[in-house]
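Student: The chain contents come next:
2 protein chains.
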Amino acid sequence: MRIYKANILHTPSPNHFEVYQGGYITVDDNGIIQGVYEVLPTEMEDMPVVDFGERLLIPAMNDMHVHAPQYANMGIAMDMELIPWLNTYTFPEEEKFADEQYAKAVYDAFVKELCRQGTMRAAVFATTHIHATQCLAKTFDEMGMGALIGLVGMDRHSPEELVNTASSWASDMQSLMQSMADMAKVKPIVTPRFIPSCTPAILQTMGTIATQFKLPVQSHLSENKQEIIWVQQLEPQSTCYGDAYHRYGLFGQTPTLMAHCCYTDGEELKLMHANDVCVVHCPTSNCNLASGIAPVRKFLQAGVRVVLGSDIAAGHHLSIFRVMQYAVQVSKLQYALSDGKLPFLTLSEVFYMATKAGGSFFGKVGSFEVGYAFDALVIDDMGIHDVGLPTDCQQRLERFIYLGDDRHIVHRFCQGKEISLNSQF
Amino acid sequence: MRIYKANILHTPSPNHFEVYQGGYITVDDNGIIQGVYEVLPTEMEDMPVVDFGERLLIPAMNDMHVHAPQYANMGIAMDMELIPWLNTYTFPEEEKFADEQYAKAVYDAFVKELCRQGTMRAAVFATTHIHATQCLAKTFDEMGMGALIGLVGMDRHSPEELVNTASSWASDMQSLMQSMADMAKVKPIVTPRFIPSCTPAILQTMGTIATQFKLPVQSHLSENKQEIIWVQQLEPQSTCYGDAYHRYGLFGQTPTLMAHCCYTDGEELKLMHANDVCVVHCPTSNCNLASGIAPVRKFLQAGVRVVLGSDIAAGHHLSIFRVMQYAVQVSKLQYALSDGKLPFLTLSEVFYMATKAGGSFFGKVGSFEVGYAFDALVIDDMGIHDVGLPTDCQQRLERFIYLGDDRHIVHRFCQGKEISLNSQF
Numbered sequence: 014m015r016i017y018k019a020n021i022l023h024t025p026s027p028n029h030f031e032v033y034q035g036g037y038i039t040v041d042d043n044g045i046i047q048g049v050y051e052v053l054p055t056e057m058e059d060m061p062v063v064d065f066g067e068r069l070l071i072p073a074m075n076d077m078h079v080h081a082p083q084y085a086n087m088g089i090a091m092d093m094e095l096i097p098w099l100n101t102y103t104f105p106e107e108e109k110f111a112d113e114q115y116a117k118a119v120y121d122a123f124v125k126e127l128c129r130q131g132t133m134r135a136a137v138f139a140t141t142h143i144h145a146t147q148c149l150a151k152t153f154d155e156m157g158m159g160a161l162i163g164l165v166g167m168d169r170h171s172p173e174e175l176v177n178t179a180s181s182w183a184s185d186m187q188s189l190m191q192s193m194a195d196m197a198k199v200k201p202i203v204t205p206r207f208i209p210s211c212t213p214a215i216l217q218t219m220g221t222i223a224t225q226f227k228l229p230v231q232s233h234l235s236e237n238k239q240e241i242i243w244v245q246q247l248e249p250q251s252t253c254y255g256d257a258y259h260r261y262g263l264f265g266q267t268p269t270l271m272a273h274c275c276y277t278d279g280e281e282l283k284l285m286h287a288n289d290v291c292v293v294h295c296p297t298s299n300c301n302l303a304s305g306i307a308p309v310r311k312f313l314q315a316g317v318r319v320v321l322g323s324d325i326a327a328g329h330h331l332s333i334f335r336v337m338q339y340a341v342q343v344s345k346l347q348y349a350l351s352d353g354k355l356p357f358l359t360l361s362e363v364f365y366m367a368t369k370a371g372g373s374f375f376g377k378v379g380s381f382e383v384g385y386a387f388d389a390l391v392i393d394d395m396g397i398h399d400v401g402l403p404t405d406c407q408q409r410l411e412r413f414i415y416l417g418d419d420r421h422i423v424h425r426f427c428q429g430k431e432i433s434l435n436s437q438f
Numbered sequence: 014m015r016i017y018k019a020n021i022l023h024t025p026s027p028n029h030f031e032v033y034q035g036g037y038i039t040v041d042d043n044g045i046i047q048g049v050y051e052v053l054p055t056e057m058e059d060m061p062v063v064d065f066g067e068r069l070l071i072p073a074m075n076d077m078h079v080h081a082p083q084y085a086n087m088g089i090a091m092d093m094e095l096i097p098w099l100n101t102y103t104f105p106e107e108e109k110f111a112d113e114q115y116a117k118a119v120y121d122a123f124v125k126e127l128c129r130q131g132t133m134r135a136a137v138f139a140t141t142h143i144h145a146t147q148c149l150a151k152t153f154d155e156m157g158m159g160a161l162i163g164l165v166g167m168d169r170h171s172p173e174e175l176v177n178t179a180s181s182w183a184s185d186m187q188s189l190m191q192s193m194a195d196m197a198k199v200k201p202i203v204t205p206r207f208i209p210s211c212t213p214a215i216l217q218t219m220g221t222i223a224t225q226f227k228l229p230v231q232s233h234l235s236e237n238k239q240e241i242i243w244v245q246q247l248e249p250q251s252t253c254y255g256d257a258y259h260r261y262g263l264f265g266q267t268p269t270l271m272a273h274c275c276y277t278d279g280e281e282l283k284l285m286h287a288n289d290v291c292v293v294h295c296p297t298s299n300c301n302l303a304s305g306i307a308p309v310r311k312f313l314q315a316g317v318r319v320v321l322g323s324d325i326a327a328g329h330h331l332s333i334f335r336v337m338q339y340a341v342q343v344s345k346l347q348y349a350l351s352d353g354k355l356p357f358l359t360l361s362e363v364f365y366m367a368t369k370a371g372g373s374f375f376g377k378v379g380s381f382e383v384g385y386a387f388d389a390l391v392i393d394d395m396g397i398h399d400v401g402l403p404t405d406c407q408q409r410l411e412r413f414i415y416l417g418d419d420r421h422i423v424h425r426f427c428q429g430k431e432i433s434l435n436s437q438f
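In order, the protein sequences belong to chains A and B. Last residue of the first sequence: 438 (our numbering), numbering continuous. Last residue of the second sequence: 438 (our numbering), numbering continuous.
One thing to keep in mind: the hints can contain errors.
If several chains are the same, the list does not tell them apart, and a pair holds so long as it fits within one copy or across any two.
Said to hold, decoys possible - EDC-like, lysine to aspartate or glutamate: derived pairs with alpha carbons at most 16 Å apart:
(1) K109 to E173
(2) K227 to E382
(3) K151 to D41
(4) K311 to E58
(5) K311 to D59
(6) K117 to D399
(7) K125 to D419
(8) K354 to E94
(9) K18 to D185
(10) K109 to E51
(11) K117 to E280
(12) K238 to D352
(13) K125 to E173
(14) K283 to D405
(15) K117 to D41
(16) K283 to E51
FYI, nobody ran anything at the bench for these hints, they're computed from the structure. Everything numeric in this text was worked out from a predicted model, so none of it was measured.
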């Protein structure tokens with residue numbers, strides 16, 4: 014067992030930060046939290062303590078929507094809306110992942126950068142290429158980080174070099190599951206690209222396999238107005254965009270992540286709630302692609318779960334702390350635009366989305382409660398406070414979220430294991 | 014004379030970047046640009062060249078709305094709208110600047126951080142305290158950076174410790190002008206806080222002094238809906254918020270910067286255009302205080318000038334590159350919300366706002382044209398491109414703006430003089 018001492022902050026519930034100033038956390042040999050204390054229990058007083066001093070100890074980040082093969086496009090090419098952006102920038106880049114060597118170089122850099130930014134687990138879109146996707150899974154596994162790896166299914170309205178078929182996807186999925194069988198923290202996730210790229214045939218196959226192997230599902234939903242009109246044309250029998258997934262067993266029949274939901278309302282919101290489908294809010298992406306502002310407060314009021322995603326390369330940055338900023342900020346614009354009718358998100362609410370809410374897709378992850386995996390970051394924020402250290406730890410965390418960066422993250426743990434940026438794959 | 018070689022980018026006009034790949038720039042002993050070349054003229058071939066290799070050379074940033082005394086509040090306390098935020102967080106912090114020692118510590122840190130983030134000139138709000146304001150001016154001057162320094166005028170609806178009067182402001186302003194007489198790049202700017210804090214008496218005095226000494230003016234305009242209603246009540250005889258400044262000679266009678274303008278339209282927009290009043294767009298601030306989205310495209314279409322401001326501590330970060338990101342992003346949200354009627358801002362447009370447009374308030378500053386001051390940054394962006402350096406310099410600059418930070422700024426020049434972060438005041 015290990016004992017860590019630090020200024021500990023986490024969000025067991027979204028409404029406030031729980032703070033242990035100079036507190037202790039005990040972690041067993043499997044990386045599972047055994048207790049959190051303000052004062053160390055008497056029976057542990059003689060045990061060695063890893064003392065992080067005045068530093069902050071917080072749960073690690075979970076990125077619940079991220080496209081690993083778009084890493085090289087991060088920070089460029091943001092002058093278009095979704096559909097032309099996909100065709101002009103994204104698909105040509107993803108085609109390169111037929112080349113395993115290219116894939117390995119990009120995926121190595123991607124996983125390392127994810128780690129640098131403090132994200133220990135992610136729900137990831139790969140491409141349609143099985144070998145590249147296996148390489149991505151192996152990279153996460155060797156790094157000791159957690160991931161849900163999505164071999165993308167797409168069989169229409171896409172470049173020839175990028176499509177698969179219902180049967181090729183199903184057989185590749187079998188290979189993927191086999192190659193991941195021994196990975197403790199890396200698992201598969203069923204990943205239809207989005208309705209416009211998927212015929213009923215491939216959706217049907219994906220829904221069947223998701224149910225058969227009890228696999229989670231991830232996709233995109235109601236991101237852009239033109240996209241939604243296109244889906245209505247392609248799936249006229251569906252009552253809403255979400256229903257087009259639901260008809261094929263891909264909307265809550267197993268745990269489901271749906272990215273964006275900028276225009277989700279009415280029937281679709283009810284269907285999400287009824288099926289406990291989780292929204293992945295990607296505010297940086299929604300800004301960059303001019304998609305709009307997802308009505309997150311409305312989702313929360315409707316009892317729908319919300320987590321956060323960087324969605325690179327539509328999002329411009331891998332830091333989930335950066336995504337938290339935008340989640341609060343765009344909710345404030347929505348508050349202003351709604352004349353105050355939709356209260357804006359608080360920092361503890363978005364922190365909860367990035368930690369405990371997102372972590373729930375990986376088991377007991379994202380909180381410092383007993384029985385949870387010790388996924389944690391140690392933050393040395395001294396350099397930020399050049400005119401005086403705030404005494405209030407929550408204020409220090411707030412400043413780190415708004416002003417800090419990877420320089421201030423000095424230790425990273427995934428289920429108790431310290432993850433080093435110098436790992437060689 | 015000095016000759017610099019690098020990949021040079023700037024925006025003489027807002028519509029596109031002008032790029033000199035492996036180009037040359039010549040700067041005279043006064044720090045004034047003598048020429049920019051793709052190929053070095055024959056007569057200079059034997060002169061020594063400072064070669065920045067593959068690095069980017071761009072104009073330095075101009076921050077046209079920033080509150081120096083709010084530096085210690087940066088990145089915290091963003092859970093309120095404008096008026097309660099001022100009363101709860103901002104005014105109590107500004108009261109501390111009666112203490113010169115405190116002021117010196119904060120202003121030293123502020124100017125250094127501004128420099129670190131690549132900003133060489135700024136239009137700054139100080140407080141109502143003359144000694145602290147003189148200290149701020151001195152700090153900029155000793156650092157070798159440019160500034161317009163605003164001794165704030167405010168004489169109502171504010172804490173007793175923070176108000177001045179028309180006559181005390183006028184006499185302090187004389188002292189300030191005297192103490193700045195020998196400063197080459199640091200000048201005074203007439204700075205009424207905003208209409209709710211200023212009686213007709215102080216506004217009248219400020220307008221008179223602005224006109225008499227031909228001083229520029231800066232203030233806040235139409236930032237928040239509640240604020241606008243309050244101004245209507247306080248100044249019922251004015252046709253709009255802007256007219257309340259105009260009546261006192263503070264709205265374009267001399268060069269004028271008005272921050273925010275989230276709700277400027279109709280009569281007020283016409284008045285701004287007629288008087289060539291310049292909008293300071295502060296998108297990070299407008300997000301954080303839930304103010305709204307300034308209709309920047311509408312301003313540009315109306316022929317109104319627009320520059321950028323960090324507006325800390327309502328803005329959460331001093332980097333104008335960060336502000337550029339938000340300027341593009343909130344314009345994209347506005348584009349989505351207007352169903353495409355207001356085209357979003359391009360990167361060259363916001364870069365122009367941060368460089369040549371803002372720089373115009375300091376003379377010939379912000380562009381690499383002949384006769385302009387050599388205010389420049391050298392960007393070493395190699396670390397950003399871990400999966401391959403783009404051949405296109407503009408794409409490299411775009412990635413730096415979205416992904417880079419102060420680590421990538423390796424040299425900073427203000428009017429030809431290299432500014433060092435290690436300067437001791």
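Student: Just pull the numbers of the violated hints for me, sorted ascending.
Tutor: 2, 3, 4, 5, 9, 10, 11, 13, 14, 15 and 16
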